[in-house]
Every structure is written in C-alpha cells, then in structure tokens.
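Peer 1: Each chain, letter by letter, is given below.
Protein chains: 2
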Amino acid sequence: MPRVSQDHLDARRREILAGARACFARHGYEGATVRRLEEETGLSRGAIFHHFRDKESLFFAVAEDDAAAMMETVRRDGLVQVMRDMVARSGSPEVRGWLGTQLEVSRRLRTDPEFAKRWAQRSEAIGQATMDRLETQRAAGTLREDVPVHVLRQLLQLALDGLAMHLAMGRDTDHLAPVLDLIEAAVRRS
Amino acid sequence: MPRVSQDHLDARRREILAGARACFARHGYEGATVRRLEEETGLSRGAIFHHFRDKESLFFAVAEDDAAAMMETVRRDGLVQVMRDMVARSGSPEVRGWLGTQLEVSRRLRTDPEFAKRWAQRSEAIGQATMDRLETQRAAGTLREDVPVHVLRQLLQLALDGLAMHLAMGRDTDHLAPVLDLIEAAVRRS
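As they're listed, the protein sequences go chains B and C. So for the first sequence, the numbering used here puts the first residue at 1231; every next one is plus one. So for the second sequence, the numbering used here puts the first residue at 1231; every next one is plus one.
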C-alpha cells in the first residue's frame, strides 16, 4: 500500500476519534447514537465503521488514545504538570473530552467485567509511566527519600482522580493551583 | 402528637433511607424502581411515599443524610479520619452506599441544573464543617501556618474526591493508608 494512503487512513482515524470523543463527552456512551456520531465527525456510518468494528470498539479506542496521550505527557513533564494543564484549561474541549471518557470508563469498570479486564492493562501502563518518571527523579535526587516511590505514585494518582471528580462535579478550579503546589511539595525532597 | 409516634415516624424514616441507600447503590438512580425500593426496604410503596413525595425527594434525602453524617464525623475527627475509615471498610455496605450516592450526585450535578442549585447549600455546609475543624486545629497550633486554611481544606477535599473516584474504579485500597499519612502530614505543622 503506498505511503500516502496509510497517512490518509491515519488522519481519518484521528478525525473519527476526535469527533467521537466530543460526542461521548456531550451525550455519554448510551446517548452517543450512530446519527450523533455521524454529525459530530461529519462522516457517514459506513466510513466510521470501516475503521472501527462497532461503537464499543470506537469507545475503547478513544479511551486508549486518551491514555496514550496522558502517558506521553507524564513521561515528559510528570503527572503534576498534567494536572496543572487540566486546571488551566478546565473548560476546553480537550479537558471536557478527557473527563467524559474518564467518567464513562469508571462507569464501565463497575458494570462491565469484560471491559474491566481489557482496561486493566491500559491502566497498568499509565501507572508504569508515572513510576518511570518518579524513578528518574529519585535517581536525580529531587524526590523525597523517606517514602517508597510506589506510595508517591499513589498520592499523585489520588490527586488526579480527585481532580477528575472535582471537574465532574462542576466545582470551580480557581483555587486549585496552590493545592497542586502542596501535592508537588509532598513528593519532593524538602 | 404523642412522643412515641414521633419516635416511630423517625425510626420508619431512617429505615426507608437505609433501604433506599442500598437500593440506589446497587441499581443506580434509574434502576432503583419502586418495586426494588419496596423489596429493599421491606415496605409498601404507600408506606414509602407517605414519608417522601417521590423518588427524587427520596434520593435527595439519602444524599442529605449522607452529607449530615459526614459533617458530624468531620467536626469530631476530621476529614483524614473519615478517609481512613472508608479505606478500612471499603467493601462495607455503608461505604458502598456512600459511594453510590456520591456518583449519582456527581451525575446529577452535570445533568440537572435544578438539583445542582439545591445541592450547592449542602456542599457548602460540608466545606464549612471542614473549615471549622481546620480553624480549631490552627488555633491549637497543630496546623502548618505558611498556607491559608482554605487551601488546606481544598487539599483534603481533593483527596476525598480522589478516594471516591478510586473506589468507583474498583481499584484496591491496600496501599492507601501511607498515602493518607502523606496527606495528613501535608496539612500539619512539620
């Protein structure tokens, strides 16, 4: 297959994921009907389901894509920076899309054992990305030494989960920056 | 009305709330049909809706009751202790009931502006209970002095929200105790 076609396929796939993410965020998984997915992506159902077997696969791909993007940022800038970005852009389509996906994932984990099994690997990978970054920081001497790295990872994860819930409850984010400073200070060498 | 009748009415009301909480936790708001509410409380729909106008009012009463219980514990033992208790009894009916209510409240806040308006006062009251406790601790000299009390309150709230999300995602709670130690240390005078 010539290279240009693969590029085209990849671009189309990203286009579908972006539209689907917005659609899931706005209407929830159940409310994201095929018609709404068509409207949001500007593509026909034939085009959409040429790339993804069904709505279930499409949602999983959106969630996987979000997880991959977060892992990338965590490896580069750390989880505290991910949270700072979210607070700074809490009303943006990107953050609303991420939040919608998170809430749907959390609902699925409670209600769909098959999904929970598939998702466990993704979840493990994000945790590992955070661990890798913390290990690097510990080696560089910027991390506190009196607490195991996995406890620091769990503290950051708890803060991220808290941020998701905070945003989900529509609470304002005006005063969260100094809270993230405290979280960051809690993992650093003092 | 003679005192015994009022006691009886109160007891009946508590009985309905306990059954309804379990029912909402197990089936979600939509899934908690009148028939299921009857089964879970062991009372007829007539008896249930003698005390509560409709399912909506019943849910609000359950959520209010949870909020009042939490406020009571926060005033007495602080929010960190509330979280420690939740971690220790994460599989118990009480914690599952609280979590079910939290998730339903968070869904409502996103989708139901009328509910959001009614809930704002309750939410404010819990925040105030936490503030009161922190102010007392600051007066007693056990709290750090270099950060405003409202920031410490938000840190604790973020941790509580994170714990709710953590439990909602079915993650294990084995390693959360040392994380709560870090949170507690982050608000105390070092």
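Everything labelled a hint here was simulated from the structure, so no lab data went into it. All figures in this text were calculated on a predicted structure; none of them were measured in a lab. No residue lacks a Cβ here, since even glycine has one placed at the ideal position from N, Cα and C. A few of these clues could be false.
To be verified - Far from chain C, by Cβ distances over 12 Å, these chain B residues were calculated: (1) 1238; (2) 1274; (3) 1298; (4) 1370.
Stated by the list, open to error - To give an idea of the interface, some chain C residues facing chain B are shown, with a C-beta separation under 7 Å as derived from the structure: (5) 1308; (6) 1310; (7) 1325; (8) 1356; (9) 1357; (10) 1361; (11) 1362; (12) 1379; (13) 1403; (14) 1407.
Unchecked claim - According to the in silico footprint, chain B covers these stretches of chain C (three or more CB under 8 Å from chain B): (15) 1242 to 1255; (16) 1336 to 1349.
Peer 1: Would you list, in rising numerical order, the hints stated earlier that this structure does not obey?
Peer 2: Numbers 5, 6, 7, 8, 9, 10, 11, 12, 13, 14 and 15, in rising order.
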